[in-house]
Amino acid sequence: MATPRKRTALRGSGARATPDTPAPAERINKIVELMAAGKWITGVTGVKLAQLWGLAPATLRREASEASRRLMLEPGEIEAKRWQLVAVMESAVSVAASKRDAASMTRAALGQAEILGLLTQKHEVKVAESTPAEAARLVREEFGTAGAPPEQQPPADDATGA
278 MATPRKRTAL RGSGARATPD TPAPAERINK IVELMAAGKW ITGVTGVKLA
328 QLWGLAPATL RREASEASRR LMLEPGEIEA KRWQLVAVME SAVSVAASKR
378 DAASMTRAAL GQAEILGLLT QKHEVKVAES TPAEAARLVR EEFGTAGAPP
428 EQQPPADDAT GA
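Under my numbering, think of the first position of the sequence shown as 278, with each following residue one higher.
Simulated from the structure, these hints should not be mistaken for lab results.
Quantities reported herein were computed from a predicted structural model and do not represent experimental measurements.
Honestly, I wouldn't trust all of these hints.
Derived pair list, reagent style PhoX-like, types lysine-lysine, alpha-carbon separation capped at 25 angstroms [what the hints assert, rightly or not]: (1) K307 <-> K376; (2) K325 <-> K307; (3) K358 <-> K316.
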């Protein structure tokens, strides 16, 4: 059985890592979470975390830089992430529909529409009083049938093939 690595004082900082100090990968993931949630304040949060974790401020700055790089996506990655989120929301709509949970189904459908940029104005939908069929009708009225399963699509116009 491997013995845990002994943590020692960091050179030059006077800081001492504690037994509770997370591993570097865990610290970077925590910083990414804080940044993504908008809870990271440059020059403040890092200092507090360095003190909490017993790390040199320079160590925390390097880890914050790495976390920031991880948050930045290239344009192609952004589009791929958008479609990944759409798929997740589509799954949430299906799960909610199978459970006959109209409120959750409507929220998931609206989330999907927001990700796709289909919401251009505020929509107020009363979901507490809706049945699944009513929620589906409201969503169809607001957003049409684009993206609906083939069996729910309107019949094609034979003259145009559309």
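Evaluated hints:
Among the hinted pairs, K307 with K376 is inconsistent with the structure: their alpha-carbon atoms are about 34 angstroms apart, more than 25 angstroms. Proximity of K325 to K307 is assessed by CA-CA distance (about 13 angstroms); at most 25 angstroms being required, the pair is judged to hold. Among the hinted pairs, K358 with K316 is consistent with the structure: their alpha-carbon atoms are about 22 angstroms apart, no more than 25 angstroms.
Checked against the numbered hints listed earlier, the structure breaks hint 1 alone; every other hint is satisfied.
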